[in-house]
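If you're matching positions, the sequence shown starts at 1402 in this note's numbering and goes up one per residue.
By construction, these hints were calculated from the structure, which means they are not laboratory data. It cannot be assumed that every hint is accurate.
Claimed, not checked - The calculated BS3-like cross-link candidates involving lysine-lysine, where the alpha carbons are at most 27 Å apart (straight line), are:
no., residue 1, residue 2
1, 1753, 1524
2, 1700, 1731
3, 1650, 1553
Said to hold, decoys possible - Computed Cβ-Cβ distance ranges for the label pairs, DEER-style:
no., residue 1, residue 2, range
4, 1514, 1826, 47 to 53 Å
5, 1763, 1702, 30 to 36 Å
6, 1579, 1554, 26 to 32 Å
7, 1609, 1534, 31 to 37 Å
8, 1622, 1763, 31 to 37 Å
9, 1514, 1620, 51 to 57 Å
Even for Gly, the Cβ is constructed at its ideal location relative to N, Cα and C.
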Amino acid sequence: MKQILAAALLALSPTLHAADKPATATKPNICFLLADDLRPDCLGVLGHPIVKTPNIDKLVGDGFIFRNAYTLGSNASAVCFPSRQMILRGVSYFRPAFRTNTEIPTMAETFRSAGYLSMRAGKPKNGDEVFDENSDGGNADGNADHLVQFVKSNAGKQPLFLYMAGHEPHDPQYATEQFYAMYKPADITVPVNFLPYHPFDNGAMMEPDEFRTLPVPRTREDLQGKLARYYASTSYWDAEVGRVIEALKQAGQFDNTIFIVAGDNGLSLGEHGLLGKQNLYEFGGMHVPLIFAGPGIPKGETKAFAYLMDIYPTLCELTGTNIPEKLEAKSLTPVITGKSAKVRDHMFNSYKECQRSIRDERWKLIRYPLINKTQLFDLQTDPHEMNDLADQPEHADRIKELLAVLKRHQKQFGDKTPLQVANPADPAWSPDMVSENPRKPKRKK
1402 MKQILAAALL ALSPTLHAAD KPATATKPNI CFLLADDLRP DCLGVLGHPI VKTPNIDKLV
1462 GDGFIFRNAY TLGSNASAVC FPSRQMILRG VSYFRPAFRT NTEIPTMAET FRSAGYLSMR
1522 AGKPKNGDEV FDENSDGGNA DGNADHLVQF VKSNAGKQPL FLYMAGHEPH DPQYATEQFY
1582 AMYKPADITV PVNFLPYHPF DNGAMMEPDE FRTLPVPRTR EDLQGKLARY YASTSYWDAE
1642 VGRVIEALKQ AGQFDNTIFI VAGDNGLSLG EHGLLGKQNL YEFGGMHVPL IFAGPGIPKG
1702 ETKAFAYLMD IYPTLCELTG TNIPEKLEAK SLTPVITGKS AKVRDHMFNS YKECQRSIRD
1762 ERWKLIRYPL INKTQLFDLQ TDPHEMNDLA DQPEHADRIK ELLAVLKRHQ KQFGDKTPLQ
1822 VANPADPAWS PDMVSENPRK PKRKK
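Modelling step: build the complete structure from the supplied sequences, incorporating the hints.
Structure (structure tokens):
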């Protein structure tokens, strides 16, 4: 496989920047495998000590890993919606083109124009008009069924663009019994930064994600059970991905397919007392796995920053397809090919009006505008964000610098949210302040 990849890289490298290359029968297929709520570490190939993902591990073992990939943010509790739209549109959710985009073609439309036949299996349902065929097969087995049949019916006729974007391992962490049996809750270790509940109101404490699966305060035993289900659902998704991979092999298309493995957003599973994706911690809502594999992709990994929306222009370059004008996303091809160490100096993230963050290779600042609170973490010595340095006088200048960088990125992306308010809300928070837990929790008056 390494020899094939090396040869393919040499063969395709002249086309990486050839934006006007016409469609041909030898263009590589694209298989985009997008999991729902997949954490940035939760694949065997990424070094997870427990979760079993043999099909993905084998698929991308010779691929290129982005360790610092993120979705930009969300203006909704359902972080997956803006994330998946930004992937398909190549612009941030702050832009008018994100909502009513008639001048920038979607990813599927761009590859259709380049001669690809496309199919979506899974989310988003509101993207039906941009794919040639569409199916919401429900769980991963249904999505795999439709994609396998699509490959059997169309392989070799023209390049294929497969978009498998199902529901796993999202709540309720569906799997079949054989996968649930693989993970015993008592054997699972909870995160080192586990807390029974979050120590202050981050502006998203009343989101349903925080209440519908586990009571608050959390217990280690409850969390072990949830982690077991999450790992089982991830392994189940991996098995169904394996069926799509096998279909491409049987059709003689595997060696001519570029694969992308990613999560639409991250997920907290007990870190800082949180369970949802409505936060900006590293093991929170925005940090995701991102891996490229296949012809033209060398083996390697990087800590360079990447957004999920950057996948769009990257695939265009890797396949010699025109990159549409006005995309806000940046191609990651220079990083993949080793021509550049990075395409971004900082990572900016956002959630509604209540959270903003900026980080560089070492330092990370999180700002909570509605309560006028700032956190500062040294990710080099504190990767789990357990030691907030914001109140230490020696870091005052660093905070000012990072706030200035944050404001520049807000302007760059069109984010007009103020970083402080005249009348901040009370940051106090505890489970005693909630009158009911399950799906629609309310604050006690």
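Here is what the structure says about each hint:
no.: 1; hint: 1753 to 1524; in the structure: holds, 22 Å
no.: 2; hint: 1700 to 1731; in the structure: holds, 21 Å
no.: 3; hint: 1650 to 1553; in the structure: holds, 11 Å
no.: 4; hint: 1514 to 1826: 47 to 53 Å; in the structure: holds, 48 Å
no.: 5; hint: 1763 to 1702: 30 to 36 Å; in the structure: violated, 19 Å
no.: 6; hint: 1579 to 1554: 26 to 32 Å; in the structure: holds, 30 Å
no.: 7; hint: 1609 to 1534: 31 to 37 Å; in the structure: holds, 33 Å
no.: 8; hint: 1622 to 1763: 31 to 37 Å; in the structure: holds, 36 Å
no.: 9; hint: 1514 to 1620: 51 to 57 Å; in the structure: holds, 54 Å
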